[in-house]
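*Asks:* Chains as they are written, first to last, in this note's numbering: chain A, 1 to 226; chain B, 1001 to 1260.
Careful: at least some of the hints might be erroneous.
DEER-style ranges, computed between Cβ atoms [said to hold, decoys possible]: (1) B:Ala1238 - A:Val130: 26 to 34 Å; (2) B:Ala1038 - A:Glu191: 27 to 35 Å; (3) A:Ala32 - B:Glu1232: 43 to 51 Å; (4) B:Val1048 - A:Gly107: 52 to 60 Å; (5) B:Glu1232 - A:Ile44: 43 to 51 Å; (6) B:Ala1042 - A:Ala46: 35 to 43 Å.
Which bits of chain B does chain A cover? Going by a derived footprint, with three or more residues having C-beta under 8 Å, they are [claimed, not checked]: (7) 1218-1226; (8) 1229-1241.
Since the hints were derived computationally from the structure, they do not count as laboratory data. We put the beta carbon where it would ideally sit given N, CA and C, even for glycine.
Here is how the chains run, residue by residue.
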Amino acid sequence: MRTLPFVCLLAACAPEARRSAQVPMLATGAGAASFPAAGEVEVILAQALVTIADLRLESPPEVSLLSRLAPLRSAHAHPGHDFSGNVACELLGVWDLDLLGEPLDLGEATCLEGALATGRVLLSGDAVVVLEGEAVLPDDTVRAFAFELPLDEEVVGIPIDATIDPDDLLASITLTAQPATMLSWVDWNTEDADSDDLLTLSDGLLANTVPFGALSSSSWTLTPNP
Amino acid sequence: MHRFTILTASLLAVGCAGEGTWVLETWGEDYIEQAIPADVFADGCDLVYDTFLVVDSELALMDGDGEPAGTIDGALVFDMTQVGPHEIGSAVVPATHYDEAHWRIAPMAALAAGNATTAQVTRMEELGAAVYAEGALTCGGTTVGFAWAFDTDTTYHCEPEDLTIPAGGEDSTQLTVHGDHLFYDGLENEDAAVRGQAIVDADADGDGFVTQAELQAVSVANLGYDVGSHAEVEDLWAHLSFLSRTLGHVDGEGHCQVDL
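With the rest of the complex left out, here is chain A (with noise of 0.2 Å):
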C-alpha cells in the first residue's frame, strides 16, 4: 500500500498508447501531358518518370517532453527550425512512378492514431526524375528539352489534413506530382550554351530551377481518400 501514490503518479504522468493502422498508399501524376507555361508557352511532355522513396507522413509539432516518447523517431529541419512532428505513418520503399500513366499502388503504410499535418518523400538516384519532351514558345519556336535530375534529398512540408482513426479508416492515401508545378521555374528562353538543340540542365541556370521545382513542397500533394 505505501507504493499506491508513486502508482497513481507513474499512472497520470505516461502518455496515452496510441493504437496502430494499416493505411493504402497510391501515387499519381497530375495534369495532363500539355499545359500552358508563364509567357504563353505550351508546354507538351513526352516522358515525366519520378523514382520516389521512403514515404513519411507527420503529425503536427509540438515542444513538450511527451512528444519525445514517440515510437516512432521524430523528424526535424535545420536550419529552418520549421520542426515537423512525429512521424505517424511510415512506408518504405522504392517505386518508380509514371507521371504520365495510371496510379501506382504502393502498399500500406503504418500509422499511428492521431491527426497528421505534413509529409515527407525521398528522392535519390542519378535519374530519380525524368522530364523531356518540347515547349512551343508563342512565336511557334519549338524548344525540345530533356531534363534528368540527379538527386540526394527530401521533398518536405507537403501539406495533408487527415486523420487516422482505426475505428474509421481512411480508404487511402494519395501522393501525386505535379510537373506543371516542378517547371514553372523554367525559363524556356534559356540560350542553348552547347548548341545541341535541347534544353538540359546544361544550359544557363536549368540546373538550378529544375531541381528547385522537382523539390518544391508546391509541386505535391496529400490527399486522404476517405
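Following the hints, complete the assembly by docking chain B onto the known chain A.
*Replies:* Leaving out everything else, chain B in the frame of chain A:
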C-alpha cells in the same frame, strides 16, 4: 493511520517546495560580436556586423500546465554586437524543474533599452523592426555594405537545457542569437551551407551597398537555394526574412519550435 501519514507528507512536500529565481540572458556569440570568418562560408566570404539589434518580448517560463510560472515584462532592445552575455531580466518562480520557455522577437510599438542606446531604441521604433542587422560582407575581394530591417514576428517555444530552479536559489536560461543563420542557402535542409556570394552579386547598381529592393529582384530558384516546404519564398529578400525567424536558440545550440 499509516496510509494517511504518507499521503499527508506527500501533499505537504508538493505544497512547500518554495521559490527560486529564473534568470534570462541573451548572447550573440563571436559571430555577431566579432566576425563570421571565411572558413564558415562555403564560398569563402567573410562578414562583420557593425550593429545587430534584436527586440525581445513576451519572455516567460512555463509550468507543466502550459501556464506562465514567471514572466519578464517589456519589449527590450539588445545590441548583440556588444560583448555579452547580457542579462534580460529575472522572475521569481516555484522551485522545480522546467522544460519550456517562450519568447517573442517581433516589432513592438513601445520599446525599452536592454543594452541598446536610446538612439538605437528610437531607430527600432521608427523602423518597426524586430531585427536590424548592419555590416559588411566580403566575397572574392568585393565588399558590400548592408543595413537590413526585418519586421518578422516570431514566437519561440524552447526546452531549456536541464533547468531546475532550487528553492532560495537561481538558475538561468540563455536566448542565444546565431548571426550566421541569415546566410544559409536552405531553409530546412540539415546540410544547408552558409553563403554570401549571391548577396554580393545582388548589388545591381554597383554602389557597394545591397538593399532590400536589390535582394527582392533575385530569384532563389535561379540560385539553386532550397526553400524546403516554403514555396512562398521566391526571392532572396524573402529568403533572408524567413531566416531572420531562425536566429533564436536556447542555451547555446538548443533548437526551438517557432510559431510562424
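*Asks:* Take the hints in turn and mark each one as holding or not.
*Replies:* Results for each hint:
{"no.": "1", "hint": "B:Ala1238 - A:Val130: 26 to 34 Å", "in the structure": "holds (30 Å)"}
{"no.": "2", "hint": "B:Ala1038 - A:Glu191: 27 to 35 Å", "in the structure": "holds (33 Å)"}
{"no.": "3", "hint": "A:Ala32 - B:Glu1232: 43 to 51 Å", "in the structure": "violated (26 Å)"}
{"no.": "4", "hint": "B:Val1048 - A:Gly107: 52 to 60 Å", "in the structure": "holds (54 Å)"}
{"no.": "5", "hint": "B:Glu1232 - A:Ile44: 43 to 51 Å", "in the structure": "violated (29 Å)"}
{"no.": "6", "hint": "B:Ala1042 - A:Ala46: 35 to 43 Å", "in the structure": "holds (37 Å)"}
{"no.": "7", "hint": "1218-1226", "in the structure": "holds (count 8)"}
{"no.": "8", "hint": "1229-1241", "in the structure": "holds (count 3)"}
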